[in-house]
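**Q** Here is what each chain is made of, one letter per residue.
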Amino acid sequence: MRKKRGSSIWRRLSAVFAVCSLGLLTGCHGRKEEPQAFAIPGQFDDSRKYEITFWAKNDTNKTQTAIYEQAIADFEELYPNITVNLRLYTDYGKIYNDVITNIATDTTPNVCITYPDHIATYVTGDNRVVPLEGLFADEKYGLGGSEVRFEAPGADGIIPQFLEECSFGGHYYAVPYMRSTEACYINKTYVEKLGYTVPDVLTWDFIWEVSEAAMVQDGEGNFKVNGQKVLIPFIYKSTDNMMIQMLKQKDAGYSTERGEMLLFNDTTREILYTVAGHATSRAFSTFKISGYPANFLNAGQCLFAVDSTAGATWMGTDAPLTDISEDKIVQFETAVRPVPQFDADDPRMISQGPSVCIFNKEDSQEVLASWLFVQYLLSSKVQIAYSETEGYVPVTLTAQRSPEYQDYLARGGEDNTTHYDIKIQAARLLLDNVDHTFVTPVFNGSASLRDAAGQLVEDTVKSSRRGEGIDEAYMEKLYSDVMSLYRLDQIGGQDSLSSGKADLGPLPRTASALLLALTITWFLMIAYVVYKTMKTRKDY
Amino acid sequence: MKRNISVLLILALGAACIGCGSKEGSSVAGSTASGSAVEGSSEAGSAAEESSAAGSTAEGSVAGNTEGSDAEAASAQDVMTYEEYMAADLDSQVTVETYVQAKQSWWEDKATVYSQDENGAYFLYNMACSQEDYEKLTPGTKIRVNGYKSEWSGEIEITDAVFEIIDGNFIAEAKDVTEYLGKDELNDFQNQFVSFKGLTVEAAGKDDEGQDVAFLYNWDGSGQDGDDLYFNVSNESGDTFTFTVESYLCDNTTDVYAAVKELKIGDKIDLEGFMYWYEGPNPHITSVTPAE
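As you go down the protein sequences, you meet chains X and V in turn.
Every number in this note's numbering is 9 more than the matching position in the first sequence, counting from 1.
Every number in this note's numbering is 110 more than the matching position in the second sequence, counting from 1.
It is possible that some hints are incorrect.
[Said to hold, decoys possible] Short, incomplete list of chain V residues facing chain X, as computed with Cβ under 8 Å:
(1) D201
(2) Q334
(3) E389
[What the hints assert, rightly or not] Here are some of the chain V residues that sit facing chain X, going by a computed Cβ distance under 8 Å:
(4) G250
(5) T251
(6) W262
(7) W329
If you are wondering where the hints come from, they were derived from the structure by calculation, not from laboratory data.
Don't be surprised by glycine CBs; every beta carbon is placed ideally from N, CA and C.
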């Protein structure tokens, strides 16, 4: 059972609020001075004992927990002087919240699974998070270093796109641990029953059209396509991703590397109007408003369920994990596709998944011990085992190319557990589309902007369902309320909020005329001065 | 020549002014338009205004200043009986008077509360609530709540709500619903304070050594101390049901959390809790005692 609505509870801690909280808590708790910048020790002192804490996130999945525990046991066998204490979370937002609280009291974990957006807030305090580029390159203890006691990936062993996602502010503040994207899990049986064929690449037009077509009911209020009184044809799990990907696909503004926030633009508004139309007809809803897409999909109450590839084990008639009772599960054929696109020839999808950062400590040896453990999480044994628990893909080339992993992929559909077909299809979806993935810029406040993107969709859907008028006045107020809610007006400059630094297009005619007039004037003035000078000389 | 140049310079200056003025003008016009639009929307139609009251307040954007606006919003509609509330359409605006029975969580000026009156119960999810007001929501406190009737995974609840405290006090007795376990009628008691008598603890799963255990941290054992507890119980018919100690409602410092961790397979127990719903009955247990 995954009934916790954790995201809605924990993820709304805005970056600005978080930073303010840091300041306040610092005062309250008499925090110690910020640590000195980490310097790599010349030698790891294994005559000493180290105890490090690892805050890990799992998808409420016992197998993942077991893999963490096994990884720790194996690592401790290699390094008997290092003890790793595991603390488990099932929600990134709660990790974020707890880290911020613990930064203020100088009780951060040593190693933490997190999102780069969140790290951008953590690094607000100097030297709190260890930049890793020095460690990457260290001859003895770096990636694949000579003194590392296990087979670690080399410097070029991490998939470059995934590694770059952990780079911001001129430093690598994390390493990727797993990667996923979003997928659309489709009740192919029902789509075909409606007379449509599932294309290789879904378009938004297709998904909206089929969703509306599915809303036809009989005289008794049953939907014709499923014979039930409940149907939400299209449900999106993470509406922040939905908005971000739609904007990216339309080459519209969202944010820039410099931290300018361009979300509140006309394209966003267009998207929201479209969403409102389909929310009003009840053809579309969201996880926060209605529930997990997988539950509706498996009950035959949803045709298109968009969720992470890391949620694939919950999707489909034969899904190994389920929250609904067996008698509610209907039989249908499941298809897995990338998220809907505006341009089927140029698909774009988000890259996401857990990364790992290291918090700085006064004892550089303790930090080095943490780094060794982080490297161990990148070893093929851990990478392959964890990736097989869901529709994740390993982040190292070594793991991806290993015969063991290739064998795993090839055996998709052999069983409904380890080789569950939908899960392996989801993993393949990302492997086949790495070049079509993107991430959003990371800066202090990017986590809040992401939340705001989702909030726009959630509020629009709610208001549409409640029969509120969705018009320009509504949109203006929505923008204003969401900016205020996430304090975006305090994070970005005025220009960034009004998208003033976006592409401004060609110069207005009046400005061109002005520049031309000024040029001519200066030319004439200079010509006049030259003429007068020459005339004066001539007179003499 | 001088005159011509002077005229040209004046023209250029004029053009410059027009250019700048035009640019400036558009900026001013833009900001004015934007400003008036924002102002307009805040005074706009009632639908938008309702959204503002329920929506933004519920999200905590005006945290700490809820009482006045809440009072207005909560009084904005006629108060419904429980029957009227249950008959109301999903996503419609509802106003009820009810009594706090238990508080599940508070975070960023949002409270999640179990409430009940003599006729039925209401789950108030993420209701706008300052921390100061949250402290006032002791069991029995009467509140008038205005929000939207919603359904999340089968759970009927009021969302985006605001409230005001009013005079009155009521603590619900636990309703014995043991006989309804496994039956559709159990849904009639959704969110109520209920009891179950004489149930037998069954295996919830297996530990790492393959031994049966009486409870799990999280539904599949993937959690740790502090997470939700899941345990199975059977009735006289031999049917098994899964119950939960919801860690937001009863954390690992509570008696019930400790009691469930002490359960043994085969124990006969009585239980009390709230009839939460998640894709079916999912009681949130607040008390476990040996069967009488």
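**Q** List, from low to high, the hint numbers that the structure doesn't satisfy.
**A** 4, 5
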